[in-house]
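Colleague: Now for the letters of each chain:
Protein chains: 2
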Amino acid sequence: MSVDSSTSPAPRAPQDGGSVVISVDAMGGDRGPSVVVAGMAASAAKNPEIRFIVHGDEAQLRPLIDRRKALAGRCEIRHAAGIVTMEDKPSQVLRKGGDTSMWSALESVRAGEAGAAVSCGNTGALMAMSMLRLRKLPGVNRPAIACLWPSRNPQGFNIMLDVGADIRADAPDLLQYAMMGASYARNGLGVAHPRIGLLNVGTEEHKGRAELKQANDLIGAAADCGDFDYVGFVEGGDLPAARVDVIVTDGFTGNVALKTGEGTARLVGEFMREAFANSFMSKFAALLAMTSLKRLQKRIDPRRVNGGIFLGLNGTVVKSHGSADATGVSAAIKLAFTLAKSGFHERLAARVAQGAAASAGASSEGQDAGATT
Amino acid sequence: MSVDSSTSPAPRAPQDGGSVVISVDAMGGDRGPSVVVAGMAASAAKNPEIRFIVHGDEAQLRPLIDRRKALAGRCEIRHAAGIVTMEDKPSQVLRKGGDTSMWSALESVRAGEAGAAVSCGNTGALMAMSMLRLRKLPGVNRPAIACLWPSRNPQGFNIMLDVGADIRADAPDLLQYAMMGASYARNGLGVAHPRIGLLNVGTEEHKGRAELKQANDLIGAAADCGDFDYVGFVEGGDLPAARVDVIVTDGFTGNVALKTGEGTARLVGEFMREAFANSFMSKFAALLAMTSLKRLQKRIDPRRVNGGIFLGLNGTVVKSHGSADATGVSAAIKLAFTLAKSGFHERLAARVAQGAAASAGASSEGQDAGATT
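So the sequences go chain by chain: A and B.
Under the working numbering, the first residue of the first sequence is numbered 1, with each subsequent residue one higher.
Under the working numbering, the first residue of the second sequence is numbered 1, with each subsequent residue one higher.
The hints are simulated quantities; they were obtained by calculation from the structure and are not laboratory data.
All residues carry an ideal CB built from backbone N, CA and C; glycine is no exception.
Take the hints with a grain of salt, since some may be wrong.
Computed list of chain A residues with no C-beta within reach of chain B, every gap over 10 angstroms [claimed, not checked]: (1) Arg31; (2) Lys46; (3) Gly73; (4) Glu113; (5) Asp217; (6) Ser323.
Derived DSS-like pairs: lysine-lysine, alpha-carbon spacing no greater than 30 angstroms straight-line [what the hints assert, rightly or not]: (7) B:Lys136 <-> A:Lys213; (8) B:Lys89 <-> B:Lys136; (9) A:Lys89 <-> B:Lys213; (10) B:Lys283 <-> A:Lys283; (11) B:Lys69 <-> B:Lys46; (12) A:Lys213 <-> B:Lys207; (13) A:Lys207 <-> B:Lys96; (14) B:Lys207 <-> A:Lys207; (15) A:Lys207 <-> B:Lys89; (16) A:Lys136 <-> A:Lys89; (17) A:Lys136 <-> A:Lys213; (18) B:Lys213 <-> A:Lys213; (19) A:Lys96 <-> B:Lys213; (20) A:Lys96 <-> A:Lys136; (21) A:Lys96 <-> B:Lys207; (22) B:Lys213 <-> A:Lys136; (23) B:Lys136 <-> B:Lys96; (24) A:Lys207 <-> B:Lys213; (25) A:Lys213 <-> B:Lys96; (26) B:Lys207 <-> A:Lys89; (27) A:Lys207 <-> B:Lys136; (28) A:Lys46 <-> A:Lys69; (29) A:Lys213 <-> B:Lys89; (30) A:Lys136 <-> B:Lys207; (31) B:Lys213 <-> B:Lys136.
Full structure from sequences and hints, please.
Modeller: Following this line, the structure appears as structure tokens:
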């Protein structure tokens, strides 16, 4: 996997005999801690380099972990009695705070004990707590959540951000998303020179909202220093396209697009199952095509792309779907591992600093300086 | 089909022996007039009540139409030499205006000769020309484009609007979209008491942009007088859901969602074809399951849902996809026919007037009156 060469690797977590430590919040997912531990075990069985610090109710976690051979000697439990539920509002969570498994999981990243944190908990609460404990990276105005999207590209996925950290984004925010998305594409997907697109309702330069036209100029001007290609405006139909690797948008539009895409894939999957259950002949055909259908299912399986990344904080946080099963949790852990091992966090911080400098340079030349570059 | 009972049917087009006249712009689609004429012929063969006024270059149209038996004696040609191309900007189009087939097609609706117009041309140009020739309905601030979305509902489709007429919408605009969408659901899909949802990034009342919270109150308060149910906020994953019939959003978000959904369905379709072409066994299975696969393809076929409706004008305009084939054009014509026959335009105008009155009433009680209802 080719990685960002702009800074030398400087992994942040203590490396124990070449191992990478991931901090896991075992509570708060819809399916409870047993599914999270099962996902950890699946990752551990496949990946000898991985170790865990796991946070939650020790009385529940101890027997679950002891039952899994793959986790023997590779898993430290940190007891935390409180749980952030899906119903908790961010403000409530910050009050009950320090006692929860979510807080404790972030603390391990903050203290440098773990290279990344993974949680299946409440997204709003996790973002609020991450902002409070890890703080925003210097130069970042709005952190973002990036997701992976099945695509026609060789790496199999495109990246879209923001998909819901903040419902607003102005032009300098969108530039930061571009810089952070490019760094994530290099370190998470191994795309050496990512192509960035800005989501709009048309590809013509005169279309769209005022902040998009301004961001179009800013991102175009930053392409060289950010070591990416800027392909300009892209449309909703381009999210899986081979002409772009990273799609930049505000958190409102990105969240609607993400859920629309997931919902459409689910609908087509349901229609397909109904079609094959329709007659004896089609059931027989489904049996014959089993291998192909399974391969297809794997390709569009939302569990495989499980793991939104919080970008723009002092530390890497992976948000797994609340309803993720063991396969989904394992996918989120794999992503956290890949990023922690690549020294992603330090590389991202360096890029953001570059972007801030570029943006400041552009602003000091006046509001419409971007239009002339 | 149950229709809106709030006003008595008053079809606008001259009814010739029970027939309904549709005005068709035969030029300007990506595939040329032969595909449009083929679509008209397919509709005419299935529907004895339909008649056409077709607009475009007579020298091209005459032989295409003479070749189709189904169109014999049911099709009047109006010569128009100019064509609006996909590249034309709305401003250019308005200058060359009167000479084009698009202009001429709208003129037939304006003059009351046809019950609805259908065009495969440039969306921006068609909207600009429709605004100029048909004018906005009294009380409508921003017209909208409504699309159909495959869904789990008995009627097979949900309605989403606006999908691209205007990139902005404030709370009173969103209320108008709700009133217009409800009327379209009644007259176009036969849903007697439509359920309306407002697209947001979460279903909790505290989420989302300020104008959405305000629209939430306005639409909720108008549900009784508008004869619809208001289900509150819905998310991207609910677009095909059975808990809602009409999804209201601004044209920027709606356009991104529409193209994202279409793109995802196309991607899954490609993956499916690749999966079945993978081995001898799977090719054989595909052969066996042919009938089921064809049924599936028909269910997710974007051509079947072809036809965005322009709402909020003095006349019904159906925008077909520029790349529509004969099946797609025929679907758009069928939709135009259904709406023209139901007296949709007059019913919609009555509803908009009601909505404007309700909205004015709410404002006169002060800015946050809606919150208390």
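Colleague: State for each hint whether it applies.
Modeller: The hints, checked one at a time:
no.: 1; hint: Arg31; result: 19 angstroms, holds
no.: 2; hint: Lys46; result: 25 angstroms, holds
no.: 3; hint: Gly73; result: 41 angstroms, holds
no.: 4; hint: Glu113; result: 33 angstroms, holds
no.: 5; hint: Asp217; result: 18 angstroms, holds
no.: 6; hint: Ser323; result: 12 angstroms, holds
no.: 7; hint: B:Lys136 <-> A:Lys213; result: 29 angstroms, holds
no.: 8; hint: B:Lys89 <-> B:Lys136; result: 21 angstroms, holds
no.: 9; hint: A:Lys89 <-> B:Lys213; result: 18 angstroms, holds
no.: 10; hint: B:Lys283 <-> A:Lys283; result: 15 angstroms, holds
no.: 11; hint: B:Lys69 <-> B:Lys46; result: 13 angstroms, holds
no.: 12; hint: A:Lys213 <-> B:Lys207; result: 27 angstroms, holds
no.: 13; hint: A:Lys207 <-> B:Lys96; result: 22 angstroms, holds
no.: 14; hint: B:Lys207 <-> A:Lys207; result: 28 angstroms, holds
no.: 15; hint: A:Lys207 <-> B:Lys89; result: 11 angstroms, holds
no.: 16; hint: A:Lys136 <-> A:Lys89; result: 21 angstroms, holds
no.: 17; hint: A:Lys136 <-> A:Lys213; result: 26 angstroms, holds
no.: 18; hint: B:Lys213 <-> A:Lys213; result: 27 angstroms, holds
no.: 19; hint: A:Lys96 <-> B:Lys213; result: 28 angstroms, holds
no.: 20; hint: A:Lys96 <-> A:Lys136; result: 22 angstroms, holds
no.: 21; hint: A:Lys96 <-> B:Lys207; result: 22 angstroms, holds
no.: 22; hint: B:Lys213 <-> A:Lys136; result: 29 angstroms, holds
no.: 23; hint: B:Lys136 <-> B:Lys96; result: 22 angstroms, holds
no.: 24; hint: A:Lys207 <-> B:Lys213; result: 27 angstroms, holds
no.: 25; hint: A:Lys213 <-> B:Lys96; result: 28 angstroms, holds
no.: 26; hint: B:Lys207 <-> A:Lys89; result: 11 angstroms, holds
no.: 27; hint: A:Lys207 <-> B:Lys136; result: 23 angstroms, holds
no.: 28; hint: A:Lys46 <-> A:Lys69; result: 13 angstroms, holds
no.: 29; hint: A:Lys213 <-> B:Lys89; result: 18 angstroms, holds
no.: 30; hint: A:Lys136 <-> B:Lys207; result: 23 angstroms, holds
no.: 31; hint: B:Lys213 <-> B:Lys136; result: 26 angstroms, holds
When each numbered hint is compared with the structure, no violation occurs for any of them.
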